[in-house]
Amino acid sequence: MSVLQVRGLTVRLPGRAAPVLEGIDLDLKQGEIVAIVGESGAGKTMLLRSLCGALPMGAQIVGGVVRADGCKVAPVLQAPMAGLSPLRRTGAQIADAAAPGGEPPAVLLDRLGLPSGTAERFPQDLSGGMQMRVALARALATGAGLILVDEPTAALDGPTARSVLEVLGVVRALGRTVLMVTHDPALVAGVCDRIAVMQSGRLVETGTAQDMLARPAHPYSVALMGALPGRARRMADAPGLVVAGQERAPVLELRDVALSRDGGAGLSGISLDLQKGEVLAVCGESGSGKTTLARIVARLAPLSAGSIRLHGAEIGAIAPRRFSTDPRRSEIQMVFQDPAASFPPWQTVGQSLPPTDPETLAQASLAAGLDPALMARRPGQLSQGQLARAALVRAVIVAPRVLVLDEPTAALDATVQAGVLQYLNELRRGGMALLLVTHDLHVARILADRLAVLHAGRIVETGQVAQLLSDPVHPATRALVAAMP
Amino acid sequence: MAERVGFALVGLVLISAVAGPLLTGADPFATEVAAALLPPGAEHPFGTDHLGRDMLARVVGAARLDFGLAVAAVALAAGLGASVGAVAGWFGGWADRLAGWAVDLLLALPIYLLAMVLAVGIGNGLLVVVLATSVVNVPFFLRLVRTEVARQRRSPWVDAARMGGAADRTILFKMVVPRVLPLVAVQGTTNLGWAMLNAAGLSFIGVGVRPPTPEWGILIAEGARYLASGHWWLVVFPGLALALSVLAFHLTGDALRDRLARGPA
Numbered sequence: 001m002s003v004l005q006v007r008g009l010t011v012r013l014p015g016r017a018a019p020v021l022e023g024i025d026l027d028l029k030q031g032e033i034v035a036i037v038g039e040s041g042a043g044k045t046m047l048l049r050s051l052c053g054a055l056p057m058g059a060q061i062v063g064g065v066v067r068a069d070g071c072k073v074a075p076v077l078q079a080p081m082a083g084l085s086p087l088r089r090t091g092a093q094i095a096d097a098a099a100p101g102g103e104p105p106a107v108l109l110d111r112l113g114l115p116s117g118t119a120e121r122f123p124q125d126l127s128g129g130m131q132m133r134v135a136l137a138r139a140l141a142t143g144a145g146l147i148l149v150d151e152p153t154a155a156l157d158g159p160t161a162r163s164v165l166e167v168l169g170v171v172r173a174l175g176r177t178v179l180m181v182t183h184d185p186a187l188v189a190g191v192c193d194r195i196a197v198m199q200s201g202r203l204v205e206t207g208t209a210q211d212m213l214a215r216p217a218h219p220y221s222v223a224l225m226g227a228l229p230g231r232a233r234r235m236a237d238a239p240g241l242v243v244a245g246q247e248r249a250p251v252l253e254l255r256d257v258a259l260s261r262d263g264g265a266g267l268s269g270i271s272l273d274l275q276k277g278e279v280l281a282v283c284g285e286s287g288s289g290k291t292t293l294a295r296i297v298a299r300l301a302p303l304s305a306g307s308i309r310l311h312g313a314e315i316g317a318i319a320p321r322r323f324s325t326d327p328r329r330s331e332i333q334m335v336f337q338d339p340a341a342s343f344p345p346w347q348t349v350g351q352s353l354p355p356t357d358p359e360t361l362a363q364a365s366l367a368a369g370l371d372p373a374l375m376a377r378r379p380g381q382l383s384q385g386q387l388a389r390a391a392l393v394r395a396v397i398v399a400p401r402v403l404v405l406d407e408p409t410a411a412l413d414a415t416v417q418a419g420v421l422q423y424l425n426e427l428r429r430g431g432m433a434l435l436l437v438t439h440d441l442h443v444a445r446i447l448a449d450r451l452a453v454l455h456a457g458r459i460v461e462t463g464q465v466a467q468l469l470s471d472p473v474h475p476a477t478r479a480l481v482a483a484m485p
Numbered sequence: 001m002a003e004r005v006g007f008a009l010v011g012l013v014l015i016s017a018v019a020g021p022l023l024t025g026a027d028p029f030a031t032e033v034a035a036a037l038l039p040p041g042a043e044h045p046f047g048t049d050h051l052g053r054d055m056l057a058r059v060v061g062a063a064r065l066d067f068g069l070a071v072a073a074v075a076l077a078a079g080l081g082a083s084v085g086a087v088a089g090w091f092g093g094w095a096d097r098l099a100g101w102a103v104d105l106l107l108a109l110p111i112y113l114l115a116m117v118l119a120v121g122i123g124n125g126l127l128v129v130v131l132a133t134s135v136v137n138v139p140f141f142l143r144l145v146r147t148e149v150a151r152q153r154r155s156p157w158v159d160a161a162r163m164g165g166a167a168d169r170t171i172l173f174k175m176v177v178p179r180v181l182p183l184v185a186v187q188g189t190t191n192l193g194w195a196m197l198n199a200a201g202l203s204f205i206g207v208g209v210r211p212p213t214p215e216w217g218i219l220i221a222e223g224a225r226y227l228a229s230g231h232w233w234l235v236v237f238p239g240l241a242l243a244l245s246v247l248a249f250h251l252t253g254d255a256l257r258d259r260l261a262r263g264p265a
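Each protein sequence line maps, in turn, to chains A and W. Residue numbers for the first sequence follow our numbering, beginning at 1 and rising by one. Residue numbers for the second sequence follow our numbering, beginning at 1 and rising by one.
Derived by calculation from the structure, the hints in this document are not laboratory data. Since the structure is predicted, the reported quantities are computational estimates derived from the model, not experimental observations. Incorrect hints may appear among the rest.
[Said to hold, decoys possible] Derived list of chain W stretches under chain A, where covered just means 3 residues or more per stretch with a C-beta under 8 Å from a C-beta of chain A:
id	segment
1	93-101
2	229-243
[As the list claims (entries may be wrong)] Counterexamples of contact, computed for chain A against chain W with all Cβ distances above 10 Å:
id	residue
3	Leu-55
4	Gly-70
5	Ala-82
6	Ala-98
7	Pro-104
8	Arg-321
9	Ser-324
10	Thr-325
11	Arg-329
12	Gln-333
13	Asp-338
14	Pro-475
[Said to hold, decoys possible] Residues on chain A that point at chain W, a partial pick, calculated with CB under 8 Å:
id	residue
15	Leu-300
16	Ser-304
17	Ala-305
18	Gly-306
19	Phe-336
20	Ser-342
21	Pro-344
22	Ala-395
23	Val-396
24	Arg-458
No residue lacks a Cβ here, since even glycine has one placed at the ideal position from N, Cα and C.
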């Protein structure tokens with residue numbers, strides 16, 4: 001039975017020559033899960049918004065037909081908390097939205113795998129994955145036959161993302177139809193029936209999930225699927241750089257580094273070595289202390305015990321405020337998770353960089369795949385990918401020996417990701433030591449030599465990447481490996 | 001619309017404050033007992049008071065003093081509040097807690113009591129009005145700057161600037177504080193209105209400015225004695241001048257705030 005029929009849908013935004021959506025044809029049958037994939041700016045979210053009548057100001061449907069035969073449509077936002085009130089208990093909020101005669105909130109929450117008692121809790125006390133399920137439960141409660149889900153896994157780590165996707169299977173089992181938008185086709189392939197690829201406002205190809213992953217036909221689909229981190233070839237082990245077993249002084253040494261915090265998750269007993277030209281990945285689920293560790297290593301955050309040695313010299317005892325004017329500051333640099341926020345918005349990108357002669361800067365930009373002319377623009381005028389590269393240039397221009405990267409690819413589309421990883425690999429070949437903090441084991445697999453797994457503020461397992469991925473011992477490592485899409 | 005009214009009224013207050021007596025041509029101090037308590041008319045548009053002084057000259061002439069007092073008090077409050085707020089917001093911890101207590105204390109302090117204590121301590125005069133008014137205005141600036149600086153301090157670009165070797169001092173004074181100053185200017189404009197009201201209120205109860213100096217609070221206090229006998233113009237015109245000035249600075253402050261929010265980041 002057809003639930004939704006879209007024919008030739010075209011949407012325009014004022015001030016844009018090309019339509020943001022052009023000639024969209026889409027059919028959804030009852031009980032289907034369809035994923036729309038494509039890079040940011042392709043128009044994925046715009047399509048969802050036009051289907052539930054929530055187009056942004058000024059956007060206009062200029063052509064086409066949308067038919068949802070007698071079927072209610074309920075959207076689920078990308079950030080579930082944005083649609084939930086912090087003042088009311090989740091059960092009450094679901095009851096507010098519920099159609100008469102539906103199942104009680106507690107039953108719905110239970111169906112979606114939430115622990116009993118969730119209905120009595122406030123949404124902000126729940127984890128990101130639980131919030132997403134509560135938002136789904138509310139969409140179910142409205143009696144909607146078609147549920148539109150925007151990036152359900154965007155902010156979630158691997159295992160949590162998996163569990164949310166399983167819940168979408170439950171939604172389908174209840175006879176509902178799901179149309180979701182995602183930038184990660186590999187992750188959702190297991191749960192969805194069909195995948196539609198979107199490029200510049202057009203649906204270029206639609207097919208079953210297996211076909212689209214294995215045999216994409218349209219050149220853009222081929223490029224998109226080929227750039228998926230899960231498919232990318234391993235770059236590590238560049239010949240002649242990391243010589244295993246050879247006695248060399250490490251560039252960076254951490255011994256029993258600990259951070260105690262009142263009530264919050266701290267770190268304890270962290271010991272790590274980093275050699276010249278080595279990439280060490282630190283992986284762990286969200287909340288395991290990865291970013292805290294990265295900031296401590298980069299000397300932006302204090303530690304409560306232990307030592308950090310850079311070329312054998314103790315730097316852990318220097319207060320972070322002091323270290324910024326230390327001559328060794330340039331030797332450890334860090335690239336932050338959100339490249340857009342790491343540039344002051346009122347300056348041009350070039351002004352935020354340490355003073356360098358234009359020739360060196362131009363060369364460094366080109367090496368990072370960034371047009372040097374973009375340095376004269378403000379951060380708001382650059383794309384995420386360009387900002388990520390600019391952030392790398394800023395860190396690399398002072399020629400650090402150690403580069404700390406916090407989720408360097410999290411905010412990036414697959415094809416941009418591949419380019420950034422390529423650049424990082426070149427830096428490593430040049431002898432830089434990289435500490436890569438990520439929740440994405442694929443990034444570690446592609447780039448890293450060694451992997452350390454962080455769990456609840458401790459390193460629970462360390463080893464060569466290939467070995468750890470094929471033979472994980474600790475339960476936390478196993479959970480991470482199992483969640484790899 | 002509101003924006004234009006605000007700008008126009010502020011313009012009027014500023015012109016009165018600068019040009020003052022030149023505008024009316026009459027001497028605000030000249031008494032003429034024969035012409036006492038005349039209602040508004042062609043010769044005296046705002047009427048005359050019990051000593052036959054021209055009320056228009058007195059109301060316009062008062063603008064300079066009231067505006068001057070307000071500017072001095074707000075400038076002092078903004079300087080002090082912004083400095084302490086910047087330190088509290090940037091360093092957090094104990095500095096922040098102390099500043100928080102100070103704000104609570106200042107907010108609980110009644111301005112009239114404060115002014116009277118000051119008058120006893122340092123002698124009654126204009127300085128008392130300026131100090132008392134500025135003290136009650138400090139919390140606004142302190143809280144504004146503290147919140148904004150604390151927010152900026154946690155943004156990733158601050159960490160990025162540290163990575164580039166910038167000392168905290170440089171980041172705070174060259175990058176963060178310049179971003180906060182426009183907000184302080186907006187807050188200051190709004191508070192100018194309140195400060196004029198505060199200053200007039202203090203003069204009304206007899207702190208600071210003394211008769212026969214033309215000052216809105218004093219004019220209202222003097223006129224109030226004749227209100228019961230139907231001489232309404234003695235209270236209404238200075239009261240209107242005060243009310244419109246407060247409104248003017250509020251409207252202008254709001255307009256500036258909107259422009260700031262709209263304008264380039």
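Each hint, compared with the structure:
Given a C-beta distance limit of less than 8 Å, the hint that chain A covers the segment 93-101 of chain W is violated, as 0 residues qualify and 3 are needed. Counting residues of the segment 229-243 of chain W whose C-beta sits closer than 8 Å to any C-beta of chain A gives 0, which falls short of three, so the coverage hint is violated. Distance check on Leu-55/A: its Cβ is at least 23 Å (rounded) from any Cβ of chain W, clearing the 10 Å threshold; non-interface status holds. With a least CB separation of 44 Å from chain W, Gly-70/A remains clear of the 10 Å interface cut-off, as annotated.
Every beta carbon of chain W lies more than 10 Å from that of Ala-82/A, the smallest distance being close to 20 Å; the non-interface claim holds. Look at Ala-98/A: its CB is around 38 Å from the nearest CB on chain W, clear of 10 Å, so calling it non-interface holds up. For Pro-104/A, the non-interface assignment is confirmed: its Cβ lies about 42 Å from the closest Cβ of chain W, beyond the 10 Å cut-off. For Arg-321/A, the condition that its CB be more than 10 Å from all CB atoms of chain W is violated, with the nearest at approximately 5 Å.
Annotated as non-interface, Ser-324/A brings its C-beta within 10 Å of a C-beta of chain W; the closest such distance is 4 Å. Distance to chain W contradicts Thr-325/A as a non-interface residue, since its nearest Cβ pair spans about 5 Å, not more than 10 Å. Listed as a non-interface residue, Arg-329/A fails to keep its Cβ farther than 10 Å from every Cβ of chain W; the least gap is roughly 5 Å. Listed as a non-interface residue, Gln-333/A fails to keep its Cβ farther than 10 Å from every Cβ of chain W; the least gap is roughly 6 Å.
For Asp-338/A, the shortest C-beta to C-beta distance to chain W comes to about 6 Å, within the 10 Å cut-off, and the non-interface label is violated. Pro-475/A, annotated as away from the interface, keeps every beta carbon of chain W farther than 10 Å; the closest lies near 33 Å. Taking 8 Å as the C-beta cut-off, the interface hint given for Leu-300/A holds, the closest approach to chain W being about 5 Å. The beta carbon of Ser-304/A is not positioned within 8 Å of any beta carbon in chain W (closest approach about 16 Å), and the interface hint is therefore violated.
The interface hint given for Ala-305/A is violated, since its Cβ lies 21 Å from the closest Cβ of chain W, which is over the 8 Å cut-off. Below 8 Å, beta-carbon pairs count as interface contacts, and Gly-306/A has none with chain W, the closest being about 21 Å; its hint is therefore violated. At about 5 Å, the closest approach between the beta carbon of Phe-336/A and any beta carbon in chain W falls short of 8 Å, and the interface hint on this residue holds. For Ser-342/A, the suggested interface contact is upheld, since its CB lies about 4 Å from the closest CB of chain W, less than 8 Å.
For Pro-344/A, the interface hint holds, the least distance from its beta-carbon to any beta-carbon of chain W being 5 Å, beneath 8 Å. Hint on Ala-395/A holds. Least Cβ distance to chain W is approximately 7 Å, under the 8 Å limit. Using the Cβ-Cβ criterion of 8 Å, the hint placing Val-396/A at the interface with chain W is not satisfied: the shortest such distance is roughly 11 Å. Look at Arg-458/A: its Cβ only gets to about 25 Å from chain W, farther than 8 Å, so that hint breaks.
Consistency note: the structure conflicts with the earlier hints numbered 1, 2, 8, 9, 10, 11, 12, 13, 16, 17, 18, 23, 24.
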